[in-house]
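In case you want the letters, here they are:
Number of protein chains: 2
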Amino acid sequence: MRYHHGDLRRALLCAAEEVLEREGPAALSLRELARVIGVSHNAPYRHFADREALLAAVAADGFRRLATGLAAADAAAPPGERLQATGRAYLDFARTHRALYLLMFGPGLRKSAHAELRDAARAAFDVLRDVVASAGIPPGPRARHGAIGAWALVHGLAHLTADGQIAEDLGADGHAMLIADVLESYATGLCATAG
Amino acid sequence: MRYHHGDLRRALLCAAEEVLEREGPAALSLRELARVIGVSHNAPYRHFADREALLAAVAADGFRRLATGLAAADAAAPPGERLQATGRAYLDFARTHRALYLLMFGPGLRKSAHAELRDAARAAFDVLRDVVASAGIPPGPRARHGAIGAWALVHGLAHLTADGQIAEDLGADGHAMLIADVLESYATGLCATAG
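Protein chains in written order, with our numbering: chain A, 1 to 195; chain B, 196 to 390.
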């Protein structure tokens, strides 16, 4: 099969995410991807210097989609519930893209070495920062801390869930109630302490 | 060198943690540990069936020490600040035992397969649950959710810090202020919503 320049890059990223979710990161190689999408085994190297560059691009793509999902949840929610809605959107992303999420936040990728990845991660954080600002927290260190705390909270929930440490015995309804309670506590506390 | 039965197990765990913090999990093998502490390369197998059993024992040991540290911080703090003091103790543990902490919560160990590890992790969580209870939250689902949320919050902070996602530009004082703000927000919200 032949691809135009931009199409091949996109096809490689899509195939990489599929392999990642289905078989885990260990199964990912540029050679295997070339086989999956039916191009010569050298073709991927036109777009990615090595396996780590491919993983960084997949993770950056993940951060961009996470940012889009967070912004959409914020825009759709009533003002008083934006922080909670954004938190739920974050957790939904982590649950439905488990392997991608673990790649994005895992120890395997040196974020400092990949500008595209670092910028995409920062842009996703900026959405959270804007959501905190829209909750009426005045700009300043407390707003910044509040946004980092919100991120840490949903990250911790996503990570402990993915790790099987929590919610194993809760069921779907129980898990949703846990998330609702925790996000409400945090949002309430943030507004009370940052006013 | 010769060890008594219990001493050898303890010596293996200590050496394993040293290698883990110094060289990372990939450097850990039963054969390498035997070399480090000067016993025959078969000796470690008297205590650990394989590498994963050793890692599980190291992680279980980590959870027990974490639980002890959390309980001590709680007992030493004035009642109104216990949740924050416990949170700081958790984050101190994660920072000073970075590789051990990542092992304890990493995807590499199947907790369900190691009863000792699962029980030690649960006991550490029980300390957090008691701290939340001591903050005056009545027993019930909200107290349980509050404890899970507290754990998720400090876990997220520890993990994002270890991953280099936050606090790179904050400095030690800025990081301490971030932690103080975030823990105060959460504790305030928990008490306000769970009353």
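Since the hints were derived computationally from the structure, they do not count as laboratory data. A hint or two may mislead.
[What the hints assert, rightly or not] Quick partial rundown of chain A residues pointing at chain B, CB under 7 Å, derived from the structure: (1) 36; (2) 37; (3) 38; (4) 39; (5) 42; (6) 43; (7) 45; (8) 97; (9) 152; (10) 169; (11) 182.
[Said to hold, decoys possible] Derived list of chain A stretches under chain B, where covered just means 3 residues or more per stretch with a C-beta under 8 Å from a C-beta of chain B: (12) 26–32; (13) 62–76; (14) 184–191.
[Unchecked claim] One-sided and incomplete, this derived list gives chain B residues near chain A with beta-carbon spacing under 8 Å: (15) 244; (16) 361; (17) 383; (18) 387.
Predicted, not measured: the structure shown is a model, and the values here were computed from it. Backbone N, C-alpha and C define an ideal beta-carbon position, used for all residues, glycine too.
task: Identify whether the interface hint at residue 244 of chain B stands, where standing means a beta carbon of chain A within less than 8 Å of its own.
output: 22 Å, violated
query: With a cut-off of 8 Å between beta carbons, are at least three residues of the stretch 62–76 of chain A near chain B?
result: Violated - the stretch 62–76 of chain A has 0 residues with a Cβ nearer than 8 Å to chain B, which falls short of three.
message: Holds or violated: the hint that residue 361 of chain B contacts chain A, with Cβ atoms closer than 8 Å.
response: Since the shortest Cβ distance to chain A is 5 Å, the answer is holds.
query: Under a C-beta cut-off of less than 8 Å, do 3 or more residues of the stretch 26–32 of chain A approach chain B closely enough to confirm the stated coverage?
result: Contact hint for the stretch 26–32 of chain A vs chain B: violated, 0 residues under 8 Å.
- prompt: When the nearest CB of chain B is found for residue 42 of chain A, is that gap smaller than 7 Å?
  reply: 30 Å, violated
task: Mind checking the CB of residue 45 of chain A against every CB in chain B and telling me if the closest is under 7 Å?
output: 27 Å, violated
Cut-off 7 Å, beta-carbon criterion: hint that residue 97 of chain A touches chain B: Result: violated, 15 Å to nearest chain B Cβ.
field: Closest C-beta approach of residue 182 of chain A to chain B relative to 7 Å, hint status
entry: 3 Å, holds
- request: Verify the interface restraint on residue 39 of chain A: the C-beta must sit less than 7 Å from at least one C-beta of chain B.
  value: At about 31 Å, which exceeds the 7 Å cut-off, the nearest Cβ of chain B leaves the hint on residue 39 of chain A violated.
message: Is the interface hint satisfied for residue 43 of chain A? The criterion is a beta-carbon contact with chain B at less than 7 Å.
response: 31 Å, violated
- request: Answer holds if the nearest beta-carbon of chain B is closer than 7 Å to that of residue 169 of chain A; otherwise answer violated.
  value: With a minimum Cβ separation of about 11 Å from chain B (threshold 7 Å), the hint on residue 169 of chain A is violated.
Status of the hint placing residue 152 of chain A at chain B (closest C-beta pair under 7 Å): 3 Å, holds
Against the hints set out earlier in the document, violations occur for numbers 1, 2, 3, 4, 5, 6, 7, 8, 10, 12, 13 and 15.
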